[in-house]
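Q: Using the sequences and the hints given, assemble the complete structure.
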Amino acid sequence: MNAIIEIKNLTKKYGDFTAVDHVNYTIEEGEIFGLLGPNGAGKTTTILMLLGLIPPTEGTAIVNGADIIEKPLEARRTVGLLPEGAGFYENLNARQNLSFYAELAEVPTSVAKERIEKLIDMVGLGTKRDVKVGAYSRGMKQRLGIAQSLVRDPKILILDEPTQGIDPEGTRDFRELIRMLSKEKGMTIIFTTHVLYEVNKLCDRVAIMKNGTIAGIGTITELRKQVNATEGEDFEDVFLRYQGVV
Amino acid sequence: MAGLFTMAKKEFLDIIGEKKFLLIFATLLIVVLVSTFEGGLSYSSSQSSTVTTVTGNSTRPGDGGGGTFEAFGSAQSLSRSLSSMITNFSLVGGVLAIAISFDTINNERQKGSLKTLLSYPIYRDTIVYGKYLGGLIAVALVATITFLAGIGVFVSVTGLALTMDTVIRLLIFFGVSLIYMAIFLAVGLLLSIVLPLPSTSLLASMIVWLSSIQLIPNVGYAIAQILYPVRFSLANGRPSFATQAGFTTIRAIISGLSPSTAYENIVNSILTTSQLQFNSGSPTVISINVTQAIATSLPSLIYFVGLLIAIFAAAYVIFTRQEIR
Numbered sequence: 584m585n586a587i588i589e590i591k592n593l594t595k596k597y598g599d600f601t602a603v604d605h606v607n608y609t610i611e612e613g614e615i616f617g618l619l620g621p622n623g624a625g626k627t628t629t630i631l632m633l634l635g636l637i638p639p640t641e642g643t644a645i646v647n648g649a650d651i652i653e654k655p656l657e658a659r660r661t662v663g664l665l666p667e668g669a670g671f672y673e674n675l676n677a678r679q680n681l682s683f684y685a686e687l688a689e690v691p692t693s694v695a696k697e698r699i700e701k702l703i704d705m706v707g708l709g710t711k712r713d714v715k716v717g718a719y720s721r722g723m724k725q726r727l728g729i730a731q732s733l734v735r736d737p738k739i740l741i742l743d744e745p746t747q748g749i750d751p752e753g754t755r756d757f758r759e760l761i762r763m764l765s766k767e768k769g770m771t772i773i774f775t776t777h778v779l780y781e782v783n784k785l786c787d788r789v790a791i792m793k794n795g796t797i798a799g800i801g802t803i804t805e806l807r808k809q810v811n812a813t814e815g816e817d818f819e820d821v822f823l824r825y826q827g828v829v
Numbered sequence: 035m036a037g038l039f040t041m042a043k044k045e046f047l048d049i050i051g052e053k054k055f056l057l058i059f060a061t062l063l064i065v066v067l068v069s070t071f072e073g074g075l076s077y078s079s080s081q082s083s084t085v086t087t088v089t090g091n092s093t094r095p096g097d098g099g100g101g102t103f104e105a106f107g108s109a110q111s112l113s114r115s116l117s118s119m120i121t122n123f124s125l126v127g128g129v130l131a132i133a134i135s136f137d138t139i140n141n142e143r144q145k146g147s148l149k150t151l152l153s154y155p156i157y158r159d160t161i162v163y164g165k166y167l168g169g170l171i172a173v174a175l176v177a178t179i180t181f182l183a184g185i186g187v188f189v190s191v192t193g194l195a196l197t198m199d200t201v202i203r204l205l206i207f208f209g210v211s212l213i214y215m216a217i218f219l220a221v222g223l224l225l226s227i228v229l230p231l232p233s234t235s236l237l238a239s240m241i242v243w244l245s246s247i248q249l250i251p252n253v254g255y256a257i258a259q260i261l262y263p264v265r266f267s268l269a270n271g272r273p274s275f276a277t278q279a280g281f282t283t284i285r286a287i288i289s290g291l292s293p294s295t296a297y298e299n300i301v302n303s304i305l306t307t308s309q310l311q312f313n314s315g316s317p318t319v320i321s322i323n324v325t326q327a328i329a330t331s332l333p334s335l336i337y338f339v340g341l342l343i344a345i346f347a348a349a350y351v352i353f354t355r356q357e358i359r
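From first to last, the protein sequence lines are chains A and B. Residue 584 is where the first sequence starts when you use our numbering, and the numbers rise one by one after that. Residue 35 is where the second sequence starts when you use our numbering, and the numbers rise one by one after that.
Estimated spans, in silico, between C-beta atoms of each pair:
#1 Val694(A) with Ile336(B): 45 to 51 Å
#2 Leu125(B) with Lys591(A): 54 to 60 Å
#3 Lys591(A) with Ser233(B): 40 to 46 Å
Simulated from the structure, these hints should not be mistaken for laboratory data. A virtual CB, placed ideally from N, CA and C, is assigned to each residue, including glycine.
A: This is the structure we're talking about:
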């Protein structure tokens, strides 16, 4: 496999506080990569730097061959993002919201039309496609957020806390969708979460962040080995060991 | 610029779909229609009274008999008769522009849609230009409808013949009104970028608007009064108030800094077609053509456009350098 994202010495400082501290790793094409860590560990800051939304203090990253500092637009072109707590234009319905994003991504109108209808059905909003988003529940908005992140048919999908606010059925649907996108489309998927069960079920590899640094990286089995986890210890125990809690 | 018109179209649809927009638009339309109707009635009566007083003839406007005096009648009355429309436009038009733009950016940030937007392959310029353009189209729509309706009422009440000169003056009036609303649109945009919460930027925008319509003109008056106090005297047992030359100048300069006062000054100059001068005690009417009217209001016009560019430039620079967390 080829590296689709290369993170090189990436650092972000806010005054004396270092949010991301000289981080180095690569993400392979087609893998499902989990970014784990407590609040304030630097997960979202890393993602925002990868998309050029905040400039790094030091270091850089190469996203699908484009340097995030030198060619931010190129870097973004192949990435779909579902940010944490994604919002929409509440006076517009699902279809209008997705059409707007498709136009921004320069998806040809004929392609966009069909894709939008498919995506709305895929995320389970088929009966609500013409309802203004202002009337949606949090879970429905999150489903629409997933559809939005896929409207430009990205090579890389970045999901920040994607199952936040979604009910158990929706969470299960989401997992199936991620597997399908990875298997059938070969999409590279990066997601941050607090739900360790999801990571265990879905991820090919995981990076555990602590205070802006990478405390551990690898497959679940490799991570367990690195901290000499016993048979009786589950992934939660492993995660807490990396955090230095146990 | 890729995405500019997509952004502007979305913004425009978003704005016109909002209840607050329709509410303020309806208010503006009603006050303008009422004020132009009243203005039209007063114009009609002033025409006959002016002609009677000055000429002593039975000449009526439009019959071609009293050219000079007719000019006097239509000259001052046009700007005077439309004065309440101008005032209402400066009040409600400013509010409408602010209502459209006060939460342009911070609402996106609060809702979480700004990060999504910025994750697309577009420059930040596109967002700020597109949003402003969308707002401007909405404002232009309001201004066009309100103007056509207002002037339509005025013309039907007064029976005023729309000469080329009048049409040019009204078009300039329309253009200046659009710039005036664009200034407040830019103020709202700037404050929505600088301030994190829509409630705070709304309050700040309203303070700017209030300063424009009330505070700055009052400050101008107060400073002029301090520097050049109005002199009170008793002449032949009668009280007399004399203003010093500097008073008017200082007051005009400071008040003119307010976009609302500058707007009213410019529009009044543009709509004034003649002036009455007293030479050796006898009144003489001097007609003012469009070029002269523009020349009179040129300093205010330059300030007006400069202010718009400065506010928008500040909004643009701050937004393009902001970190989106």
